[in-house]
Amino acid sequence: MSLDLDARVAPRMAGGGFGDRALASAVIAALVICGLYVGREIFVPIVLAVLLSFVLAPLVDILEQWHFPRAASVPVVVLLAFIAIFALGGLIVREVRGLADSLPSYQQTMQQKIQSLRALTATGPLDRAAELLQNLGKEISGPQSLPPPAEISPSSGTAEPVKPIPVEVRTPPQSALENISALISPLLHPLATIGIVVVFVIFILFQREDLRNRFIKLAGSNDLQSATAAIDDAAGRLSRLLLMQVLLNTGFGVIVAAGLLLIGVPSAILWGILAAIMRFVPYVGPFIAAFFPLTLAVAVDPGWSMLLWSGALILLTELIVGQVFDPLLVGHSSGLSPVAVVVSATFWTALWGPIGLVLATPLTICLVVLGRHVEQLRFLDILLGDRPALSPPELFYQRMLADDPAEAVEMAEKFLKERSLAEYYENVALKGLMLAQADLKRERLLPDRVAEIRDSVAEVIEGLASEFDDVLAGHQTKDGADESDVTADAPMPELPFIIREGLPPDWRAEFPVLCVAERSDLDQAAAMFLAEILSKHGLGARAASKEETSTSGIFQLDASGVMLVCISTLDDGSPAHTRHLVRKLRRKMPRARILVCCWGCTNSGMARDHLKADAVAENLGEAAAYCLSLVDQTVAQDGAREKGVIPHARHQPLPVSRQKQPAASAGRGGTSRHK
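When we follow my numbering, the leftmost residue of the sequence shown carries the number -15, and every step to the right adds one.
Everything labelled a hint here was simulated from the structure, so no lab data went into it. A portion of the hints provided could be inaccurate.
[Claimed, not checked] List time: in silico BS3-like cross-link candidates among lysine-lysine, alpha-carbon distance up to 25 Å:
hint, residue 1, residue 2
1, K425, K398
2, K530, K596
3, K596, K572
4, K530, K425
5, K401, K425
6, K596, K568
Predicted model, so just to flag it, every value in this text is computed and none were measured.
When you get a sec, could you build the whole thing from the sequences and use the hints?
Have a look at this one:
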C-alpha cells in the first residue's frame, strides 16, 4: 500500500518541482528585464564599452605584436577611436544644420509634387463622397458655441459685445549663470555617457585576461580546458565578426554617400553616415536609412529621375555588399534567425530606445555566441540562433509522429541535392526510427502510434521512389555552414548496380531478397529502407511484416525464389528472440542465407556465431554491401565453374562487420554485371 502511494505521489512531486523551477526562472527573467529598463542609464554605456572593446581589441593586439607595451597601445587605440567618433559627430551636426537651413527652399517643389499627385489621383465621385462625409460630421458634432453675451451701453441704449481685458505675462530676464546652465545642461548626459564609455573601454582592454578568467570560473569551473577553449573561441569570433561588420558598414556608407553626392542629393555625407549606422540592423536597417534621402530627392528634383537613381544606388549597393562581401568576410549569416532579429530589435528598442535598435543585433549575437559555448546559457542559442532546433533524425521522427510524410519528403529532397538516397535512409530516417524505438522501450508510444509511424514511413519511401540512388563523392560542408548541421557519420560504401539479366538463375526471381521484421512495426519500417536500397541497385527485395514471421503466419510466408533473408531489428536487448526467429527461417528456407541487421547494435551478444546467422550488420551500408557482394560472389563462382578458373574480381566484396564468409563462398568476388 505504501509503495502504491509513493508511486502516485512521486510524479506529482516531480511535476511540482518542474513548475516551481519554471516559476522561479520566469521571476528571474522578469527581474532582469526590469533591471535592464530601470538601470539603462548605467547599462547602455557598459554595453557600448564592451562592444567597442571587442572592435578595438584586435588593433591593440596588432600594436602589441609590433612590440608596443600595453600601457601605450591601449591609450593610443582608445584616443584614435574617440577622435574618429567625435569627428563623425561633428560632421553629423554640421550636415544636419546645413540641411535645416536649406529645407525651406524645397517647399515649393514639394507643393508642386503634391498637387500633381492629387490631380492624378483625384476623382469626382471620391471628392463628392469626402465632402459629404465632412458635412455629415459637422451636423453630428452639433451647433457651434454661442457668442459671448452683449453689454447694453447706457448712452446709446444699444448692445455692445464685452471686450476681454488683455493679460500679458512677462518673465524676468535670465542671469548669466542661468544662461550658462541652459547651454550646458543638454550636454551633460551625452558627456557623462561618453566619459563612462571611455573609462570602461580602457579598463576592459587593460584587464582582458583577468575578466576572461573570472568569466571562466563562473561558467565552467568544473572543466577549465573546455571552458577556456570555448571562451577564447567565442571572444575571437565575436571580435572578428564585429570588426568586419564595422568595416563593411563603413564601406557601405562611403559608397552610398559618394553615389548620392554624384546624383546631387543634398547632405549626401549625412545619409551615408546614417546608412552605415542603420546597417547594423539587418533586413530593415538599410531601408529605414534609405527613406530620408529618397524623400529629400523627391523634394529637390522637379522630376523623378533623382528618386529613381537614388533608389537604384542604395538597392544595388545593399545587394552587392550583402550577397557578395558579407558571405566572404563575415559568413552567410549573423548566426541569428530572422524572427530573432525582429524580436531582438523590438525588445532592445523598447528597453533602451533608439540606441537599443542599433545595439540590438550585436548584443543578441553576443548572447547567441555565449549560448553556443556555455551550457547554462544554451537556451539562448536554441531560441535566437539560426541553427535548426531539431537535428535531421529528430525532425524526421517528429514529422512521423505528426503524420506529415509530405514535409518529410520535402526535407529529404533538400538532403538529396547533396547526398545520396542511401545516406538519407542511413543517417536520417533510420536514426529517426531509433529515436522512436527508444520511446517505445520507455512505453511512451502506443501500438497504434507505432503502426501510424510505419505507414508514414511507407509514404515517405513511396514519395522518394523516383529518386535515383547515386553516391556523391567528396561531400563537404557548405561555406559558412555550421559543422553541427551535417550528420557526423561514416560515409556510405560505394554500392554496385546490378543487371538482373546477368545474374544466376537462382537470383533472377522477382524478390530473391526477403527483409523481415523481427517483432515491431518499427522493425518493418527499417526493413523497408533496406529493401528500397537493394531495389534501387538492381536486386529485387521486399519487406515482410511481423505478422508473416509470427508462429502462425510463417507457414503462409511466401518463400519462393528467396535466396537471402535479412532480419531487421531495432531492439538488441534480447538475442534469444532473434535466435528463435533465425531457427524458424532456417526450417522454412534451408537454402537461403540469413543476415541479421541489428541497427545501431550495442549488445555484444548480437554476434554472428551467437545468433546462428551467416552475417550480422549494424547499419544499412553494411547490410546492402553484404547483399550485393554475396550476389557478386555467386556470379564469380558460376563463371569459375564454367571456365574451370576463378577470374580476377572487378569489384571486391564490401566489408561487413563481424562477418566471416562461409566455406561455400570462399571464392573471390566476381563478375556481376554493373550499370
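Hints, one by one, checked against the model:
1. With a CA separation close to 31 Å, the supplied pair K425 and K398 exceeds the 25 Å bound.
2. For a cut-off of 25 Å, the pair hint linking K530 to K596 stands: about 20 Å separates their Cα positions.
3. Between K596 and K572 the CA atoms are separated by roughly 15 Å; this keeps the pair inside 25 Å, and the hint holds.
4. For the suggested pair K530 and K425, the alpha carbons sit about 18 Å apart, so the restraint of at most 25 Å is met.
5. Distance restraint check for K401 and K425: the Cα-Cα separation of roughly 34 Å exceeds the 25 Å cut-off, and the hinted pair is therefore not satisfied.
6. Between K596 and K568 the CA atoms are separated by roughly 12 Å; this keeps the pair inside 25 Å, and the hint holds.
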